[in-house]
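Trainee: Residue numbers (this note's numbering), protein chains in the order written: chain A, 4 to 179; chain B, 6 to 271; chain C, 326 to 602; chain D, 8 to 292.
Hints are computed from structural coordinates only; laboratory data are not their basis.
None of the values given here were measured: they were computed from a predicted structure.
Just so it is clear, CB atoms sit at the ideal spot from N, CA and C, and this is done for glycine as well.
Mixed in with the good hints there might be a few duds.
To be verified - Within a straight-line C-alpha distance of at most 30 Å, the following computed DSSO-like cross-link-like pairs (lysine-lysine) qualify: (1) K186(B) / K172(A); (2) K540(C) / K376(C); (3) K31(D) / K186(B); (4) K157(D) / K172(A); (5) K186(B) / K84(D); (6) K84(D) / K202(D); (7) K188(D) / K540(C); (8) K194(B) / K91(D); (9) K202(D) / K186(B); (10) K265(D) / K194(B); (11) K194(B) / K237(D); (12) K157(D) / K194(B); (13) K188(D) / K186(B); (14) K199(B) / K31(D); (15) K265(D) / K202(D); (16) K84(D) / K199(B); (17) K104(A) / K186(B).
Said to hold, decoys possible - So, partial list: chain B residues that the calculated Cβ filter (under 10 Å) puts toward chain C: (18) P18; (19) T138; (20) E230.
Said to hold, decoys possible - Restraint-style ranges between C-beta atoms, simulated for each label pair: (21) L122(A) / R70(D): 50 to 58 Å; (22) I106(A) / M326(C): 51 to 59 Å; (23) L151(A) / A400(C): 52 to 60 Å; (24) W403(C) / E277(D): 52 to 60 Å; (25) R70(D) / I43(B): 17 to 25 Å; (26) I260(B) / L79(A): 19 to 27 Å; (27) W403(C) / R101(A): 50 to 58 Å; (28) A400(C) / R155(B): 26 to 34 Å; (29) Q97(D) / E202(B): 28 to 36 Å; (30) I499(C) / A261(B): 53 to 61 Å; (31) P105(A) / R155(B): 38 to 46 Å; (32) T68(D) / G548(C): 54 to 62 Å.
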Amino acid sequence: MSNVKKLIITAVCIALCVVLPMAFHAIPNAGSIFLPMHIPVLLCGLICGWPFGLAAGLAGPFLSALITGMPPMAFLPSMLVELSVYGIVAGILAALIRTGKPILDLYFSLIGALLAGRLVAGILNALIFRAGSYSIGAWVTGYFATALPGIIIQLILIPAIVFALERAKLIPRRYN
Amino acid sequence: MMHSAILSGHYLPNDTPIHRLNPRAKIISFFTLLAVVIITRSTVGYTALGLLLLSLAHLSKTGPRIVFSGIRRVGLFLLLIFLMNALFFNGDRPLWEYAFFHISVGGIAQGANVALKVIFLMALSSILMTTTTPMEITDTFAWLLSPLQRLRIPVHDFALMISIAIQFIPVLAEESETIIKAQTARAAKLDSPKLREKANALLPLVLPIFISAFRRADELALAMEARGFRGGKFRTRKSSPGFTRLDFAALTISIAFCAAAVILHR
Amino acid sequence: MDIIEAKNLFYTYEGEASQRYSLEGIDFRMKAGEFVVLLGQNGSGKSTLAKHFNGLLPLQQGNLYIAGLDVRDPANLWDIRRKCGMVFQNPDNQFISSVIEEDIAFGLENYDFPPEQIAAEVHKALALVGMAGFEKKSPHMLSGGQKQRVALAGVLAISPEIIIFDESTAMLDIQGRQEILQTIQQLHQAEHKSIIHITHRMEEAVLADRIDLMKAGRIVASGPPRRILADLPLLTSANLLPPLPVRLYEDLRNAGIHLAECPLTIHELTEQLCRLS
Amino acid sequence: MSIVVENVSYRYAAGTPLESAALKQISFTIQPGEFIGILGHTGCGKSTLIQLIAGVLTPATGRILLDGKDINQRDFKREYLRKKVGIVFQFPEQQLFEMTVERDVSFGPRQLGLPPSEVQARTRQAIQSVGLDYETVRDLSPLTLSGGEKRRAAIAGILAMEPEILILDEPIAGLDPVTRKDFMAFIRRLHQEGKTILMVSHDIDELSAFSSRLLVLDHGELILDNTPEKIFADKARLSELRLGVSQPKEIVDSLREKGIDLPSDIFRYEPLLTALINRFGGQNE
Chain A
4 MSNVKKLIIT AVCIALCVVL PMAFHAIPNA GSIFLPMHIP VLLCGLICGW PFGLAAGLAG
64 PFLSALITGM PPMAFLPSML VELSVYGIVA GILAALIRTG KPILDLYFSL IGALLAGRLV
124 AGILNALIFR AGSYSIGAWV TGYFATALPG IIIQLILIPA IVFALERAKL IPRRYN
Chain B
6 MMHSAILSGH YLPNDTPIHR LNPRAKIISF FTLLAVVIIT RSTVGYTALG LLLLSLAHLS
66 KTGPRIVFSG IRRVGLFLLL IFLMNALFFN GDRPLWEYAF FHISVGGIAQ GANVALKVIF
126 LMALSSILMT TTTPMEITDT FAWLLSPLQR LRIPVHDFAL MISIAIQFIP VLAEESETII
186 KAQTARAAKL DSPKLREKAN ALLPLVLPIF ISAFRRADEL ALAMEARGFR GGKFRTRKSS
246 PGFTRLDFAA LTISIAFCAA AVILHR
Chain C
326 MDIIEAKNLF YTYEGEASQR YSLEGIDFRM KAGEFVVLLG QNGSGKSTLA KHFNGLLPLQ
386 QGNLYIAGLD VRDPANLWDI RRKCGMVFQN PDNQFISSVI EEDIAFGLEN YDFPPEQIAA
446 EVHKALALVG MAGFEKKSPH MLSGGQKQRV ALAGVLAISP EIIIFDESTA MLDIQGRQEI
506 LQTIQQLHQA EHKSIIHITH RMEEAVLADR IDLMKAGRIV ASGPPRRILA DLPLLTSANL
566 LPPLPVRLYE DLRNAGIHLA ECPLTIHELT EQLCRLS
Chain D
8 MSIVVENVSY RYAAGTPLES AALKQISFTI QPGEFIGILG HTGCGKSTLI QLIAGVLTPA
68 TGRILLDGKD INQRDFKREY LRKKVGIVFQ FPEQQLFEMT VERDVSFGPR QLGLPPSEVQ
128 ARTRQAIQSV GLDYETVRDL SPLTLSGGEK RRAAIAGILA MEPEILILDE PIAGLDPVTR
188 KDFMAFIRRL HQEGKTILMV SHDIDELSAF SSRLLVLDHG ELILDNTPEK IFADKARLSE
248 LRLGVSQPKE IVDSLREKGI DLPSDIFRYE PLLTALINRF GGQNE
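Looking at chain A on its own, in the form it has when it is part of the complex (with noise of 0.2 Å):
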């Protein structure tokens, strides 16, 4: 894939994460469960490589902050740090990872990601955001246990895009 067609799908999912946050607003109990925001980032890293993820994961959630408010500014830093994991950690994995079986390779990238991407921005909540009061627990249940059904969403979604996605030609077949 050109570096041209890379930099515009990074563009669009900038823009899906200010807009699918908003569009499953509507939508009861839905938007907030399964963290809209992280899954065009999580793409963009899969898709394009860690460059790419880290773009989407910066400006991602800062547009979304400055145009529609969501997360206000109080919990932008944090979210940076977090999505920007994300997006770095699934480009390098997807890159490193090759099991011949696409959803394997899939699966394993986006575990990684989530993992490293909580753990980092959990360390750095402790050390700067909240220091002193902030304890594992907190960390424990704020990242994993609140976040699981997210988890879960997006581990059945992300791997669904990616499909679809190849087999509507708008992304290279991983192995033909």
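Put chains B, C and D on the given structure of chain A with help from the hints.
Mentor: Frame of chain A; chains B, C and D shown alone:
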């Protein structure tokens, strides 16, 4: 609902002093005032800031309704922050205690403090977004980050990426709304409790949105290449005009506010 | 001098399951200042051929010269794209900024126009398409016809010699289509641009100097509208419907009523019928 | 199965400077078996109106009654509305997402919780009725079909829910002439089979070919509600609304101006041809 969410940050073409400000001066002032919002804790500080924001809203003809309309959208969230602080933060002069709930004047003040900060941050960003075109914002960030270009970080491509993203937002927003309406008209149900079913219920909404968005990216790539885009090349940016008296006035006001805030809350 | 000269072009989309040729031995010539309509059903190869002219699709087989530049030589690519501009079908997928003057400046920046001249060029391009004064507006507030005119201004800004309209009216309403057709005619007559208009609407094909009819990757006929659009068997073989006046002319002839000449427009039809009575 | 639209209005982007009244006090009734064309320029509110009737949007004021019951009442069963009223949005191919055509077309019936045997029967019938061959396309991915085939598959997905009232928003926009002609014949066949059709378009020729009644909207108001004959008769009013007439009608009007008096209520192709043959037939014998 969707349209109002977009509009709290949408650029509204107008000819006001704020619109005429050089984007670089405007964004530097924006960041200075951002610092002021974060530093301010006292009621005097917040009232001064509130007056400044209201006059800016008036001066930029955006009007308070637009500037604060974004806040209506996160009303629930603000309430949550306020309650979290008011109920759990054990500040001075406790009023009432029960198990681990303890309401105190300090707690309520802390809750109000965080909530007000969020409101003012959103109002400030709304004023910036309605008076500055997304391209001006990206150009200014590209200018601020241009030293990184020497570290081979493609700052201009990043700025172009944001500009394309911003212009795609209204198109993709409207399209997602249509896709969601169309699929619910095909009886797509989203209220099933089981996780697996909920994920499957999201597929008919999420898949078409991504497919259509990627198809648009394909078409735009062709249009850009047809107009000579080569990617990566350092594109000559339009020259940015120098600072006028208006720009210097804006800068001095914001810096003065910042200095006052620092002194007041040391 | 021929502005476009194509000989024996073949093209297949890779990954195309049926290995079917999208272009099968195309010869195409066009003089400077000519207005050509590429007519044909969806999938007949119109857009594939056009995307060869500005190098969006690689030349697989045959040879092609655009404004004298050989497409085979990669060094010519940027000059070819500057001389041969293209407006696309979907009005919403052509903008890179949500402020019109910044979108139009995009092409100028790519060709290293000196920054201080850019604003003047942008203003000139917008005036050319009758959209002067829209510099600060956002493309999303416009009608379909206005969006296509802004996209056209973005192409005109780098002053191409050839402009290709790739189904640019297909998604517009009647009013939008009128706006674009008037602009095309004005560009052709006043600005002497060479125009290639890709469409499957008969009433648009009538305006051309010459129509090339395409079917399954081949040019099956080429000639003035009067000859092509009046040839009912040819149109039906290419899965196209004749303009209403031509259909009426045929049905009347089958009922024994002979008009002197086959009318292409409603105006000509009324004249023919008046002469008859 | 009648629908009553009772002074319905709707506002877009309420509460912001771009607020616009999409619809103002619209009232009319849809009788079973009618073929109604809705006409108007982009932005006149026609798409909003049909989304209100399909219950996808809720009106700011007024009510929409299906067989006398207000569809936006809490106790009105959504699934009942989905079974009775089907809406095909513009460019419906955008909503294709399933792995195979069969699963995409059967999505609606499955969501309605119908027994598998009935789902299978309806899916096969819907795919055949849009002119696709069930056996060849059923296992194909809808995303790999051609433009025309994708649109047929998308419409089949709505037909599979067997609604009595079918609402179509610009169903043939962007298709080439022959596919357009086939589609119009297909929609006409659905009408002849008893379905009530509500079709939105800005193309006069399309609408006047089959509609028994035309609703003309302008800036959110229902300006005209009448038979095509009566609406096309008032040429001044139409040009005031910047709406043209059908091409056959344009020919009749220009001929009448030149003194050739054909019946002025002609607006379709076939009646125009017969009138011309009668008028000029004798000339050559």
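Trainee: Holds or violated: are the alpha carbons of K540(C) and K376(C) at most 30 Å from each other?
Mentor: Judged against 30 Å, a Cα distance of about 17 Å means the pair holds.
Trainee: Given the proposed pairing of K194(B) with K91(D), does the C-alpha separation stay at or below 30 Å?
Mentor: holds (17 Å)
Trainee: Holds or violated: the 28 to 36 Å window for the beta-carbon distance between Q97(D) and E202(B)?
Mentor: 30 Å Cβ-Cβ, so the 28 to 36 Å window holds.
Trainee: Is the distance from the Cβ of P105(A) to the Cβ of R155(B) consistent with 38 to 46 Å?
Mentor: Because 39 Å falls inside the window, the suggested range holds.
Trainee: So the hint says 54 to 62 Å: do the beta-carbon atoms of T68(D) and G548(C) match that?
Mentor: holds (59 Å)
Trainee: Would you check the hint for K194(B) and K237(D), treating anything up to 30 Å between C-alpha atoms as holding?
Mentor: violated (44 Å)
Trainee: Do the alpha carbons of K265(D) and K202(D) lie within 30 Å of each other, as the hint requires?
Mentor: Given that 30 Å is the threshold and the Cα spacing comes to 42 Å, the pair is violated.
Trainee: State, for the Cβ atoms of A400(C) and R155(B), whether the hinted interval 26 to 34 Å holds or is violated.
Mentor: holds (29 Å)
Trainee: Below or equal to 30 Å on CA atoms is what counts here, so check K188(D) against K540(C).
Mentor: holds (19 Å)
Trainee: Taken at face value, is the distance from the CA of K194(B) to the CA of K265(D) at most 30 Å?
Mentor: Measuring from Cα to Cα gives roughly 61 Å; hence the hint is violated.
Trainee: Holds or violated: is the Cβ of E230(B) closer than 10 Å to a Cβ in chain C?
Mentor: holds (6 Å)
Trainee: Can you confirm whether the C-alpha distance between K199(B) and K31(D) stays at or below 30 Å?
Mentor: Violated. K199(B) to K31(D) sits at ~42 Å, over the 30 Å cutoff.
Violation of the numbered hints given earlier is confined to hints 10, 11, 14, 15, 17, 25 and 27; the remaining hints are satisfied by the structure.
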